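The primary structure of each chain is shown beneath.
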Amino acid sequence: MMIRRSDGRSGRTGGSGLRTKDMAQIALFAAIMVVLGFFPLIELPLVPAPFTSQTLGVILAGAILGARRGGLAILLFVVLVVIGLPVLPGGRGGLGVIMGPTGGFVLAYPVGAFVTGLLTERLWRRYNHATALFCNFVGGALVLYAIGIPWMAVAAHLSLAKAFTGSVVFLPGDVVKVVIGSLAAVTVRRAYPMIAPGRRTVRDGRA
Amino acid sequence: MLSLHREGRSPVHAVPAGVKLLVLFAAGTALFFVRSVAVLGGALAGVALCYALARVPWRVVARQVLTVVPFAVALSAVQWLVTGWEAAVLVGLRMLVLVMLANLVTLTTRTSAMVAAIEAVLRPLAPLGVRPERVGLLVAMTIRFIPVIKEQADQVRAAQRARGVERSTAFLAPLLVKTLRLADGLGEALDARGVDGAAARPGKTPRSGKDRPL
Numbered sequence: 001m002m003i004r005r006s007d008g009r010s011g012r013t014g015g016s017g018l019r020t021k022d023m024a025q026i027a028l029f030a031a032i033m034v035v036l037g038f039f040p041l042i043e044l045p046l047v048p049a050p051f052t053s054q055t056l057g058v059i060l061a062g063a064i065l066g067a068r069r070g071g072l073a074i075l076l077f078v079v080l081v082v083i084g085l086p087v088l089p090g091g092r093g094g095l096g097v098i099m100g101p102t103g104g105f106v107l108a109y110p111v112g113a114f115v116t117g118l119l120t121e122r123l124w125r126r127y128n129h130a131t132a133l134f135c136n137f138v139g140g141a142l143v144l145y146a147i148g149i150p151w152m153a154v155a156a157h158l159s160l161a162k163a164f165t166g167s168v169v170f171l172p173g174d175v176v177k178v179v180i181g182s183l184a185a186v187t188v189r190r191a192y193p194m195i196a197p198g199r200r201t202v203r204d205g206r207a
Numbered sequence: 001m002l003s004l005h006r007e008g009r010s011p012v013h014a015v016p017a018g019v020k021l022l023v024l025f026a027a028g029t030a031l032f033f034v035r036s037v038a039v040l041g042g043a044l045a046g047v048a049l050c051y052a053l054a055r056v057p058w059r060v061v062a063r064q065v066l067t068v069v070p071f072a073v074a075l076s077a078v079q080w081l082v083t084g085w086e087a088a089v090l091v092g093l094r095m096l097v098l099v100m101l102a103n104l105v106t107l108t109t110r111t112s113a114m115v116a117a118i119e120a121v122l123r124p125l126a127p128l129g130v131r132p133e134r135v136g137l138l139v140a141m142t143i144r145f146i147p148v149i150k151e152q153a154d155q156v157r158a159a160q161r162a163r164g165v166e167r168s169t170a171f172l173a174p175l176l177v178k179t180l181r182l183a184d185g186l187g188e189a190l191d192a193r194g195v196d197g198a199a200a201r202p203g204k205t206p207r208s209g210k211d212r213p214l
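Residue numbers (my numbering), protein chains in the order written: chain A, 1 to 207; chain B, 1 to 214.
One chain only, chain B, in its complex shape (with noise of 0.2 Å):
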């Protein structure tokens, strides 16, 4: 629907979503350390070849990078001009490697996995009163009233419109009271459902909320 996941059987697609999770954040610290071209060029060597192996299809590769490519070219710019070409280069590199890198773990990575990887992460939080299983959920419920919220909003312009208001700001106000009962009964549904009192037994946790709409 509207992730930007792709499918794949790779060994890209294959490694855990929290080892990918890993491997980002240290590349992006250690990155950030690195004062020479050729090493963040063997990077960007080897995230192109990770893309390779996760067969990603050019189109999507192109368009990636096209989104990319402008704002590194800005930010080299604005750099060569303050302090010279080689660090314009270092710029605009490291941020062309850590962005596409960041981009395939998306790619590759199934949106319940990666929420998976969030709960896991979150779980020594736990005891601060902090409960993971619930992530899930709201993700799935967000996704979910995603559509409902933007029919909502045409339907009060659509109205505004035909008294008149041209004001585009006027939907507003009331897309946020009709929100906030829509909410209600929400609240109200999920109660009829038990989604409390299971959350509060570990372990009876409606967990399939992941992938499934409510």
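Next up, chain A with everything else stripped away, as it sits in the complex (with noise of 0.2 Å):
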């Protein structure tokens, strides 16, 4: 076993409670949601946003991290299309994309895995296929859109109705994505829970 700080021991640390293997974690998620970007989930010809599993790395993140370090994973990865690395689908990156009128999709991309996280760990207990398909559904589609067509409607100078109508060809995409996201979820529930009740993390029961 390893010595393990616990979050009072000092006000530097406490103060962002990040032990080791949660930033661990938190890279990797973000890598995934990298790779994700890579893997064509279903492509649609004319429609100028490709189309990856991308979104599916928001709800994973949440619905196994949890709220923070989820949220943390995902804001980590915002940071990496800000540097300028090409990590959204297409090997697209950098301030442009934020810019542009699709923006507000990836700036959501935090928020959307924290609500995730957040409601998953208040239905933990209760955890199944279909209160996943709920918990991803909010964070992983209401959010995202909640945020996104605003900022698409601000940037580029669309009515809301407009920018609406414009981003609901995602929507079946997106329902098909928290589907085979909370099948994921549940799954890895199972064989590696990481959000216990009562408590942040389960580590034991695995040496």
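Keep in mind that the hints were calculated from the coordinates and are not lab data.
Simulated restraints, written as ranges between beta carbons of each label pair:
{"no.": "1", "chain 1": "B", "residue 1": "Gly46", "chain 2": "A", "residue 2": "Arg125", "range": "55 to 65 Å"}
{"no.": "2", "chain 1": "B", "residue 1": "Pro147", "chain 2": "A", "residue 2": "Ala191", "range": "16 to 26 Å"}
{"no.": "3", "chain 1": "A", "residue 1": "Asn128", "chain 2": "B", "residue 2": "Val82", "range": "42 to 52 Å"}
{"no.": "4", "chain 1": "B", "residue 1": "Leu125", "chain 2": "A", "residue 2": "Ala130", "range": "36 to 46 Å"}
{"no.": "5", "chain 1": "B", "residue 1": "Val82", "chain 2": "A", "residue 2": "Arg125", "range": "47 to 57 Å"}
{"no.": "6", "chain 1": "B", "residue 1": "Glu86", "chain 2": "A", "residue 2": "Val169", "range": "26 to 36 Å"}
{"no.": "7", "chain 1": "A", "residue 1": "Arg125", "chain 2": "B", "residue 2": "Ala192", "range": "28 to 38 Å"}
{"no.": "8", "chain 1": "B", "residue 1": "Trp85", "chain 2": "A", "residue 2": "Thr187", "range": "49 to 59 Å"}
Which residues of chain B face chain A? A partial, calculated answer using Cβ under 10 Å:
{"no.": "9", "residue": "Leu4"}
{"no.": "10", "residue": "Gln64"}
{"no.": "11", "residue": "Gln79"}
{"no.": "12", "residue": "Ala87"}
{"no.": "13", "residue": "Leu90"}
{"no.": "14", "residue": "Val91"}
{"no.": "15", "residue": "Met100"}
{"no.": "16", "residue": "Ala102"}
{"no.": "17", "residue": "Leu137"}
{"no.": "18", "residue": "Leu138"}
{"no.": "19", "residue": "Thr169"}
{"no.": "20", "residue": "Leu176"}
{"no.": "21", "residue": "Asp184"}
{"no.": "22", "residue": "Asp191"}
In this text, all values refer to a predicted model and were calculated from it rather than measured experimentally. Think of the CB as a built atom: it goes at the ideal place given N, C-alpha and C, for glycine as much as any other residue.
With the hints as a guide, bring both chains together as one complex.
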């Protein structure tokens, strides 16, 4: 076993409260998010924004790591985008994407992961396919639309209704991703539970 | 490696990352209030001048423009139908200027300089418990592990295909469990190298993590 400092031990560490294992999980889930961008889930012709599995990464980070670590993992991914790494589908990246009409969706990713994680933590005891679908749909679709669509309306000078219509073409695909993410989250919860009720993490039982 | 940045020695490259980011955010805010095609045209000319100053190769410029233009044209078309041609030109131009300017910042700024700028931005948040120096470490860790995760995903898929599993999403759960195991090992490795202890004492942080894989 390794020595672990409890959260109250030092003011400085306690403030951010991230243990090294948390940092490792955050970095690796940010990497998963990038890798998911390499795998085209379904390719739609004529749609300018590449349609890949990346919002799946948002869902999985929240559903598996919980609100804090999941949100931070995806926030780290956004930092990668901002500093100019081509980690978005189609090798896009950089501040240009953030400034563009779809930038709001990218900025909404960490919030979506956080909300997914928050709901998952609340429903952890009763977590099954149905509750997973609920958590993941709210965090992985609704939150993203709630931030991404107004952003698009402002950035592209469209009416909210127009921006909404333009984004709704992605809804069927997002629902597919919510379903896939829920199946995976329930399986992983059984194999490797990361969120425990009452406690932040589970790490025993697996030496 | 996988950065969009391009090495160069131009005056544009020499401007500190923080200043470039500041200019970009200022431009993003200011252009939003501009209602004149002439001013936006001037801004576009200014951005083009900066590209020339930075000596960005034509091929790269062309690729950048080609990715923005379809978006800008589609937006303008919608705008034209809804409000009229003036608004359409404004919206298309504004988007072109902002995206090209943002891309220029990305092209001419090293990843490490960008990380340093982000650390600087986060520094005022330190009393709230944010530890800016960790951002650099996390970025380096993520970049280092992207190929590893990609390889694991490919392995899981190959193994499943060999067993006759064709469903393209079945690789997720095994990949996630493998990744969580990897994180356990990585966390212990970081502890063994004293990353946590070092980070608790400011000044002794392993800052070299920015450019170098762990």
